[in-house]
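Protein chains in written order, with the working numbering: chain A, 111 to 446; chain B, 111 to 446.
Read the hints as simulated data drawn from the structure, not as lab findings.
Hints may contain errors.
For chains that are exact copies, the list does not tell them apart, and a pair is met inside one copy or across any two.
As the list claims (entries may be wrong) - Pairs of lysine-lysine residues, derived as DSS-like cross-links and limited to a Cα-Cα distance of at most 25 Å, are as follows:
| # | residue 1 | residue 2 |
| --- | --- | --- |
| 1 | Lys258 | Lys210 |
| 2 | Lys176 | Lys238 |
| 3 | Lys259 | Lys237 |
| 4 | Lys405 | Lys258 |
| 5 | Lys179 | Lys207 |
| 6 | Lys258 | Lys158 |
| 7 | Lys356 | Lys399 |
Number of protein chains: 2
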Amino acid sequence: MKKKLLKTILNQIFLKHKLSKNHSEICSNYLIKAEVLEAKGHGLARLKMYCDRIKAKVINPKPKIKIKKISNSVSCVNADNSIGFVAADIGIKQAIKNAKKTGIGLVGVKNSGHYGLSTFYAEQAVKKNLMVFCFTNGPPAVAPHGSKKSLFGTNPICFGAPTGKIPFILDTSTSMINRGAIRRASKLGQKIPYGVALDRNGTITTDPNKALKGSQIPISTFRGSGLAWMVDILSGVLTGSSHSGKTKDPFDDFTGPQNMGHLFITINPKIFIGGNFLKEMKINVSRIKRLPKAKGFASILYPGERKNKTYRKNLNKDIFIPSKILKEINYLNAIK
Amino acid sequence: MKKKLLKTILNQIFLKHKLSKNHSEICSNYLIKAEVLEAKGHGLARLKMYCDRIKAKVINPKPKIKIKKISNSVSCVNADNSIGFVAADIGIKQAIKNAKKTGIGLVGVKNSGHYGLSTFYAEQAVKKNLMVFCFTNGPPAVAPHGSKKSLFGTNPICFGAPTGKIPFILDTSTSMINRGAIRRASKLGQKIPYGVALDRNGTITTDPNKALKGSQIPISTFRGSGLAWMVDILSGVLTGSSHSGKTKDPFDDFTGPQNMGHLFITINPKIFIGGNFLKEMKINVSRIKRLPKAKGFASILYPGERKNKTYRKNLNKDIFIPSKILKEINYLNAIK
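If we strip away everything but chain A, and leave its shape as in the complex, we get:
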C-alpha cells in the first residue's frame, strides 16, 4: 500500500477512536516508521490491539498529559494512560529541552503504554546533537535467572550518540528476540528462530504460541537477566510505574491500563571536550571500521547503521501488508 494512503487510513482510524488530530498523526507516523524499519512487530500488527484497548477504556484517547518540572534538568510526565507513542514523544522532547539548558536531562514518564521502538525517541535526541539513554519495561516475557516463570519484559537498552553522519543507535532487547516478533509470527502462522524461547516446560521451542505461554531466553543468562532487572528498576520503580511483572500484556489483559514507565537520560556530548567530541567520534568509528573483517563480513557496521540502511531502502517503497492485517485495517476503517 502507498504510504500516503496508509497514513490517511490510519489517521481516520485513530480519529474514529477519539484521538485528537495531533495524537493521531503521532501514532500513524510511528506505526508507519516501524514498518519502514522492518520492525514489523512494532507496526501494523499492533493497530487492532491499540483500538481494542481504547474501546475497552484501558487506553485514554483524550489524555490530559501533565509535565511537572522538578529542576532545570529533571521532569516528570504523567501520561494519563495515553497511547505510549504520544507520552514518549512528549517525554523525549522534554528531555531534549532539559539537556540543551543544563547539559543533562532526566525525564520519567508514568501511566504510559507500549511506545514502539526506543529507536524512535533516541533518534530525535541524537538529531538534536545529544547523547541519550531510553529505557522502558514491558509485560512478562523473560524469566529472571534462577526462576522458571516469566516476569521481566524484553526490557530494551537503548543508547544513542551523534557521529556526524548516521546516528549511532544501539537498541537491544535484553532477551534474544523481541516479543513483537513472536506475536507477529503467531498471528501469521510462522515459526520463530531456534534458541530464543522456551515452552512452559522449559524446553526450547520454535512455535510462537508455545513461546508466548513459556518464556523468552535472556541474553547471556544471568547477565541479561540482571540487565533486564536494571531496566525494570529504571523505567518501572524509579518513575512510579508498574514493575516486577505487573505490566499488563496489551494483547491479553484488558482489566486495566498498562501503567508503563519510560526513562530518558539526555547528555550534551560536548560537555567535557567541546567540539572535539565529534572529531573523536569520527576517529572512533573509522578506526573500528578499518579492522580486519571476520569470515563472512564485508564491513563492520555500528549500531543503527543497518536500521538506517533499511529505512532508506524502504523509504520510497510501498508497504507490504499481509492479508490478515489488511483485513483488520479494513475492518477498523469501516467502523462508523
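Got chain A sorted already, so can you dock chain B onto it with the hints?
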C-alpha cells in the same frame, strides 16, 4: 595472610613507590577488597604491574588531580595519570555530591588507569542512597562484531540502586569473562572456561595465553559488541580519554600512560516518587524472589547479593596468597 599485616605491607610498598599516605591507603584497601570479594583478577595479581608502571613513569605516584566544576550537576576530573583507584575514588565522591545537590550527577574522569571493580564505586553511591551507573573502558580484549581483531575492552556496565538491605549492584562485563581472570589463570598456569575466548585463529581455546593473544567473546554476539561500543563512547570518547583500542594494556605496554576514562552518573532515586521508592524496591525484590525456582536453584538472587555473601563470608578470614604472587609481594616489600 592476616588482612591487617597484608595492609601494612601493601601500604609500605605503595609508600616506597612514592604514593602519598592517603593514596597508598586507598590503593591497599581496594586491592584487599578485591581479594575479599574473590575478584582475584583485580586484586594482588595486579600489584607488581602497578609498581612496574610507576617505576616506568607511566603511572604518576604524585598526581595533581584537578576537579573542574562544569555545572552543579556536572564535573570533570583530570587524574594526571594517577592510579585508577585514586582517580575513580575522587570521581565517585564528586558524583555523589552533585546528585545530593541537584538530583542528578555526571562526572567524567580522564587521564586515569585501571580502577579495579566498578562495584567499588557503585557501592559508595548506593550507600549514600543514590542510583548509579559506572562505565570504564579497557585495553583491547573483545573483537567488534564483524571483525576478527580485538579492540574493545571487556567494558563493564555497572548499575546500582538502594534496596533498603544489600545494595542492588549489577556489574557485568560485556564479554563472557573479565580479562583479569584470564591474566590470573595465565600467571598461575590454570585453564579458563570453555566458550569464553578465541585464539588468534578464531578457534575456541581454554589456554589463557592463547586467549590473551586472541580475542574474548562478547555476550550475545552483536548485542554485547554494541554494548561494549556504547561503553567505549561513554567512558572514552565523551570524557576525552583513550578509545577505540588505544587504551594501553597495563601489563604489556609501558610506552606511555593508559589515559583511561571513567564516567559516573548518579541519580537521587526519590526524585520522582519520594519515599515510595524504597517501598516499591522492596516490593520489586520480594515479588521476584517469590517466583517458582528453576531446576537447580534454591533461591533467586539479585545482582550484588552473591558478592555481598562472599564478602561477609571472607571478611574475618585470612587471605590466601598463591606462592607466585607472595614472592612478588615479598620482592616489592624488600626494595629499599
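Verification of the supplied hints:
When the C-alpha separation of Lys258 and Lys210 is checked against a cutoff of 25 Å, the pair qualifies neither within a copy, at 45 Å, nor between copies, at 39 Å. In this assembly of identical chains, the alpha carbons of Lys176 and Lys238 lie at most 25 Å apart only when taken from the same copy (23 Å versus 31 Å across copies). Taking the shortest alpha-carbon separations for Lys259 and Lys237, neither the intra-copy value of 40 Å nor the inter-copy value of 31 Å comes in at or below 25 Å. In this assembly of identical chains, the alpha carbons of Lys405 and Lys258 lie at most 25 Å apart only when taken from different copies (8 Å versus 37 Å within one copy).
Taking the shortest alpha-carbon separations for Lys179 and Lys207, both the intra-copy value of 12 Å and the inter-copy value of 22 Å come in at or below 25 Å. For the homomeric pair Lys258 and Lys158, neither the shortest alpha-carbon distance inside one copy (31 Å) nor that between copies (45 Å) is at most 25 Å. In this assembly of identical chains, the alpha carbons of Lys356 and Lys399 lie at most 25 Å apart only when taken from different copies (15 Å versus 43 Å within one copy).
The structure fails to meet hints 1, 3 and 6 from the earlier list, while all remaining hints are met.
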